[in-house]
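**Q** These protein sequence lines are chains S and Z, in that order. Using our numbering, the letters of the first sequence map in sequence onto residues 1 to 110. Using our numbering, the letters of the second sequence map in sequence onto residues 1001 to 1117.
None of these hints come from the bench; they were simulated from the model. Here the structure is a predicted model, which means the values were calculated and not measured.
What the simulated footprint calls covered on chain Z by chain S, stretch by stretch (three residues with Cβ under 8 angstroms from a Cβ of chain S suffice, anywhere in the stretch; the number is not a length):
#1 1044-1050
#2 1102-1115
Straight line, CA to CA, 30 angstroms or less: simulated DSS-like cross-link-like pairs of lysine-lysine:
#3 Lys57(S) with Lys1049(Z)
#4 Lys1114(Z) with Lys1069(Z)
#5 Lys1104(Z) with Lys57(S)
Now the in silico label distances, taken between C-beta atoms and shown as ranges:
#6 Ala1117(Z) with Pro83(S): 35 to 41 angstroms
#7 Thr1072(Z) with Gln11(S): 36 to 42 angstroms
#8 Arg1112(Z) with Asp26(S): 29 to 35 angstroms
#9 Glu59(S) with Thr1072(Z): 19 to 25 angstroms
#10 Ala15(S) with Arg1112(Z): 26 to 32 angstroms
#11 Pro1079(Z) with Asp73(S): 39 to 45 angstroms
Glycine included, each C-beta is placed from N, C-alpha and C at the ideal position.
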Amino acid sequence: IAGITQAPTSQILAAGRRMTLRCTQDMRHNAMYWYRQDLGLGLRLIHYSNTAGTTGKGEVPDGYSVSRANTDDFPLTLASAVPSQTSVYFCASSNTGELFFGEGSRLTVL
Amino acid sequence: AQSVAQPEDQVNVAEGNPLTVKCTYSVSGNPYLFWYVQYPNRGLQFLLKYITGDNLVKGSYGFEAEFNKSQTSFHLKKPSALVSDSALYFCAVRDSYYLSGTYKYIFGTGTRLKVLA
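Chain S with its partners taken away, still in its complex shape (with noise of 0.2 angstroms):
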C-alpha cells in the first residue's frame, strides 16, 4: 500500500540519549515534513526538505536535525532528547498539494 511508514510507533527514552526516528515514502515526492503534535498547539513543523540532499529549518527546529539522502527516507534525530521533546511526531510528504501522513511516532522521554 503506497504511503508513508513511521518507526518506531512508539518509544520511552532517557533524558540524555540520542533517538532517530524512521520516515520512509514510496510515493516519489520531492517534499517532506516533520512536525510534532501536542495538545492545545496543533502541528508544529520542525524541518523541512524539498528534494534529495536538501533540508531547511520550521517553527521548533532547536534540538532536532534532519538528513534527505534520497527521495524516500527523511529521517529525524534527537542528539539528546529532553523531556520537553515529548510529543507524537508525524512524517508528512507532498507533491504541492495536499500532505500525506504517516501515523505518527508517540516519544516519551523521562
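Use these hints to put chain Z onto chain S, whose structure you have.
**A** Structure of chain Z alone, referenced to chain S:
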C-alpha cells in the same frame, strides 16, 4: 504572516443533525486551503481542499467546505452527522511563499467534534 484560526476547541452535535466546524485564515495572495481529520492514535487524513473554482468543495465521507473570500473563512460542513464522524479536525493553509524550493503548510490548533447518539 500566514495564519489559521479554529475558534472552537470542541463542537458537539446530535447524530443526524448538520455540523459545522469553523476555520478562518489570513494569507497574502490566493489561499490554498485544506481540511484534515485525525482519529485517535492515527495520522492526519486528507478530507478536501480548495485551490480555485467553485466556492463549495466536496470531499471524503460526505464532508464539504465553503470558501468565503470576503469573510476569509473555510468552514467544514456535513448535512447529517454520524457518530463515526467524531474525531479531531484540522484546517490548514499552504503558505504562498515558495521558500527554499517548497511550500510550508500552516495548521490550526484543531477542533474536536463529538457526535452524540
